[in-house]
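Those sequence lines, one after another, are chains L and A.
So that you can map any letter, position 151 of the first sequence is 151 in our numbering, and since no number is skipped, the others follow by simple counting.
Add 294 to a position in the second sequence, counting from 1, and you land on the number used in our numbering.
FYI, nobody ran anything at the bench for these hints, they're computed from the structure.
Certain hints may be false.
So the derived list for chain A, only partly shown, Cβ under 7 angstroms to chain L, looks like this [unchecked claim]:
hint	residue
1	Val371
2	Val581
3	Ala622
4	Ser624
5	Ile626
Computed spacing ranges between beta-carbons, pair by pair [what the hints assert, rightly or not]:
hint	chain 1	residue 1	chain 2	residue 2	range
6	A	Gly637	L	Arg206	50 to 56 angstroms
7	L	Gly151	A	Asp387	35 to 41 angstroms
8	L	Ala19	A	Leu484	22 to 28 angstroms
9	L	Leu147	A	Val585	29 to 35 angstroms
10	A	Gly637	L	Phe73	50 to 56 angstroms
Some chain A residues near chain L, calculated using beta-carbon distances under 7 angstroms [what the hints assert, rightly or not]:
hint	residue
11	Glu355
12	Ser356
13	Trp360
14	Thr452
15	Leu455
16	Asn499
17	Val502
18	Phe505
19	Ile530
20	Phe578
21	Ser595
22	Ala612
23	Tyr631
Yeah, the Cβ is synthetic: ideal placement off N, Cα and C, and Gly gets one too.
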Amino acid sequence: MSRVDDLRGTLAAVDRSRAALYAVLFAMVAFYLAPLESGLATSIKTEAGFRATTPYAPPPLGEFTLAAWQVAFDRLSQGLINSLLMAIPATVLSALLGSLSAYGLTNLDWRGQTGVLVLFVAGVFLPYQSVLVPLRQFWSAVDLPSLIPLGFVGSYEGLITLSLTHAAYGIPICTVLFRSYYATLDEEMIEAARLDGASAATIYRRIVLPLSVPIFAVTLIYQFTQVWNDLLFAIVLVTDPSNQVVTVALNQLQGSFVNQYNLQMAGAFVAALPTLVVYVLFGEQFAKGVAGES
Amino acid sequence: MLGGLFGRSERDPDDAESDGEQRSRPGGEQRLRTDGGATASASAGTDASILTRLRRSEFVESIPFWGPPAVLVGIFVYGAVAWNLVISLIGWDGLGQPEYTDFSLAAYEQLLVDPSFTSAFWNTLILLLVFTVLSLAVGLLLAILIDRGIRFENTFRTIYLLPMSLSFVVTAIFWAWMYNPRIGLINTALRGVGLDVLTTAWLSNPDVKLFAIIFALMWQFSGYCMVVYLAGLRAIPRDQYEAARIDGASTLRVYLRVIIPQLGASTMSAAVVLMVFALKAFDFLFVLFGVNPGQSADILSVMMYRVAFDRLQWSYGAAVATVLFAMALSVIGPYLYAQYRRGEL
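Isolated chain A, as found in the complex:
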């Protein structure tokens, strides 16, 4: 290991003088510590220089562990994002190979005047907002219900989280059947309770299409929000409930005034995950609609795939991808910064 090259000053018996814990050990034990085979090369200096060397050697020692994964992440994540940005500038389309000679912002200018980009952009924002708020609300409700000291808590929790373990390909097929206009469960149930007026072709009616997608995605993700909120709820000391109850507050008031305000961190982290998911949601829509969900349900992630991999307008697709990346960054940037400020990274 690299660490051996530098020796480890903390092994030097002289250094032991500066370390209370080490000094308290019987001297014989020190002689047994010879597993690494490296000998300490430098003798002790001042405490400060020992500390520096210790830090340095921990850094050097740590490289073999995080180095290779970091290189992979560097290439596949950051290298690819940078490459994508370059591709978006070179006006590449069709079956040939890209030529990295002429750079221009033409793809981005095209975005600004492309009506399908405009509608996909707004649909993405609607999806992001409504889906996030809805999933958070349902997840919070579930978490509060589960946290009421119920029986079979684990079973309920397992059932609510179950959709999250399924592929979007699977859930899209289920929901296409649920939404079937003639014999699907939703319309059958609506007719059953006399609400025939509400029945519609959920996945082809442009007025409700996007909402139908959001509802199905909420079904899949609310269990996730429940898990996050449940962890948040469990971290709140029980006596806070009790104190509020003694003050005579109703259950609803206890939750609204005391409990929910303390769930800010849970809300934030769940919201970030949901919003980023909304930006990359692709599989579910692709299974339902292929590359053409129609103007009322088109979102940027589907548009990116359609433009690049169906129409082979690589640079234009890369430009859409850059927009998506920027949107994701604007969600996670502030979040990571806040986490960093709170020392939670």
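Just chain L, with the same shape it has in the complex:
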């Protein structure tokens, strides 16, 4: 490590202008944060305030208000709850199924597994448009309340439908993420357990699953963000307004408060808050999930 650092140090010394490097780095920071910064600044201004000042400037004296955040939160709170109710089960389900299938396709050795794997990997790249019409047909033919005779199913039908859909379409990417991790597990350790007579299920439960904590973290974080952020499935599958998720609610808020940019920006932040918190806390895991997609 120190050798690498030495070499990097040498390179750095030879570099003609270290200052220029940092100037570019900070310019890029400004570029990536500008939309968020001006959004945040706008969200705490009054309407007169954001019309009179430049977007990135902090609110002038007397034009500071949290009213927009208040309205946005009131408008979106049901959506936030619905999104959580929908996204958490979907995420957990697809991560579990992804872990199982990755184990069956990676650590257990059998002919033809590459063929099955290809079908999973190709599923990662599916444009959802190419399944939307059948999906709508499928769910309109399925009568969830009579399939699952539990009291709450009727009033949450849209959310359950959406959650199951996300869980199913999340399996391919979760499998890919888990597979890349399981391929690095110590082959000899698993083989030794196998020779000791452990069944595939025992090996999974006792060895593979306990070692999977880091990749579960990566997958859960990445997949939660994906499911939370989706709009397309939500507008196609959820018709009941009480089951509306936050992305749909935000889109409607944007449509009904044209030109009230402070309100739109506050709404955008409220809807993004859970994913932002997850990203700030688990940025490393998110980056791994993103990189694993390729």
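Mind docking chain A on chain L? Use the hints.
Structure of chain A alone, referenced to chain L:
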């Protein structure tokens, strides 16, 4: 478990003879291995038949793990794609239920003469190409900058990747504000530096609309490219930089001649993800424009939604969806094949 039905020959003490590792263990340990409760039914045959049985039992044992997920993927992905293809052939529209009786290619014939399909198709290709190249270039630049042994590397990386964690609904709202013609940041900044001539209504001027969308999407995805390239850069041994430097090559030349040519695999995998994304990009445009982005910015994924879910021309929408699927397949097919050939699947 199913595996128990077949027994496991590798447990049979006789079989242990054929396995060096097992033989080296103390005999007592073998008697302890009785967790599964299954008894070995068959005694040892030749090595080859043991191997066959072992393989077979691993296959059978593996089914409960990948089987159920595979069934779900089979139904929701491949079943739905096939169903979509069928729907595109039956001429179904309106509020009624589909009738699977008459099949024809009418929807596809309609595509060929529909000017809105033509423009959406070309816009999709432009988006796909420009967005991919631009994001890759910016991502590569970021990765190289980050890889120069800078301080606060993690902080820079976190900031550059941040947009990727946001919903398109959120980023579309941000960018609509950025692009606001009167008081948005872009035009304000342009006026600030005396470039008033460049100010325009970015999201309604048909000449720049598509580019404005591409630019905002690049903002969101270049961090992803950075992550992929950074992993590629980190895999290149450091002494290659050093060797090139000793040869007297400039930093720029080192990157152009030595480093970047080795990033082919990173470029390919990132490009595939970007291109497929460009094919399915919907949320961002839908939030900005609803179902009608206008001819200059209409793309196939938005057209598919508009035709099917707004106009209820289900079969026609399914036909557009089939085209999208075929385009995605033509991107990922060669990629998966190349991965397979390199043994990376």
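Hints and how they fare:
1. Against a cut-off of 7 angstroms between C-beta atoms, the interface hint on A/Val371 holds, since the closest Cβ of chain L lies about 5 angstroms away.
2. Given hint, A/Val581 at the interface with chain L, holds; its Cβ is 5 angstroms from that chain's nearest Cβ, closer than 7 angstroms.
3. Below 7 angstroms, beta-carbon pairs count as interface contacts, and A/Ala622 has one with chain L at about 5 angstroms; its hint therefore holds.
4. Proximity of A/Ser624 to chain L is violated relative to the hint, the smallest CB-CB distance being about 11 angstroms (cut-off 7 angstroms).
5. Because the smallest distance between the Cβ of A/Ile626 and any Cβ of chain L comes to about 5 angstroms, under 7 angstroms, the interface hint for this residue holds.
6. Separation of A/Gly637 from L/Arg206 is about 30 angstroms and departs from the stated range, judged on CB atoms against 50 to 56 angstroms.
7. The beta-carbon spacing between L/Gly151 and A/Asp387, approximately 38 angstroms, falls within the hinted interval of 35 to 41 angstroms.
8. In this structure, L/Ala19 and A/Leu484 meet the distance hint of 22 to 28 angstroms, their C-beta atoms being roughly 27 angstroms apart.
9. In this structure the hint that L/Leu147 and A/Val585 lie 29 to 35 angstroms apart at CB holds, the actual value being about 33 angstroms.
10. Between A/Gly637 and L/Phe73 the Cβ separation comes to about 52 angstroms, which falls inside the hinted range of 50 to 56 angstroms.
11. Of the supplied interface hints, the one on A/Glu355 holds, with its beta-carbon coming within about 4 angstroms of a beta-carbon of chain L, less than 7 angstroms.
12. For A/Ser356, the interface hint holds, the least distance from its beta-carbon to any beta-carbon of chain L being 4 angstroms, beneath 7 angstroms.
13. Hint on A/Trp360 holds. Least Cβ distance to chain L is approximately 3 angstroms, under the 7 angstroms limit.
14. Interface restraint check for A/Thr452: the shortest CB-CB distance to chain L comes to about 5 angstroms, inside 7 angstroms, so the restraint holds.
15. Satisfaction of the interface hint for A/Leu455 is found here, the shortest Cβ-Cβ separation to chain L being roughly 6 angstroms, below the 7 angstroms cut-off.
16. Restraint check, A/Asn499 versus chain L: the minimum CB separation of about 19 angstroms is more than 7 angstroms; hint violated.
17. The restraint placing A/Val502 at the interface with chain L is violated, with a minimum CB-CB distance near 18 angstroms, outside the 7 angstroms limit.
18. The closest approach between the C-beta of A/Phe505 and any C-beta of chain L is roughly 16 angstroms, which is over the 7 angstroms cut-off, so the hint fails.
19. The interface hint given for A/Ile530 is violated, since its Cβ lies 12 angstroms from the closest Cβ of chain L, which is over the 7 angstroms cut-off.
20. A hinted interface residue such as A/Phe578 counts as satisfied when its beta carbon comes closer than 7 angstroms to some beta carbon of chain L; here the least separation is about 9 angstroms, so the hint is violated.
21. For A/Ser595, the suggested interface contact is upheld, since its CB lies about 5 angstroms from the closest CB of chain L, less than 7 angstroms.
22. Interface hint at A/Ala612: satisfied, since its Cβ lies 5 angstroms from the closest Cβ of chain L, which is below the 7 angstroms cut-off.
23. The restraint placing A/Tyr631 at the interface with chain L is violated, with a minimum CB-CB distance near 9 angstroms, outside the 7 angstroms limit.
The earlier numbered hints that this structure contradicts are 4, 6, 16, 17, 18, 19, 20, 23.
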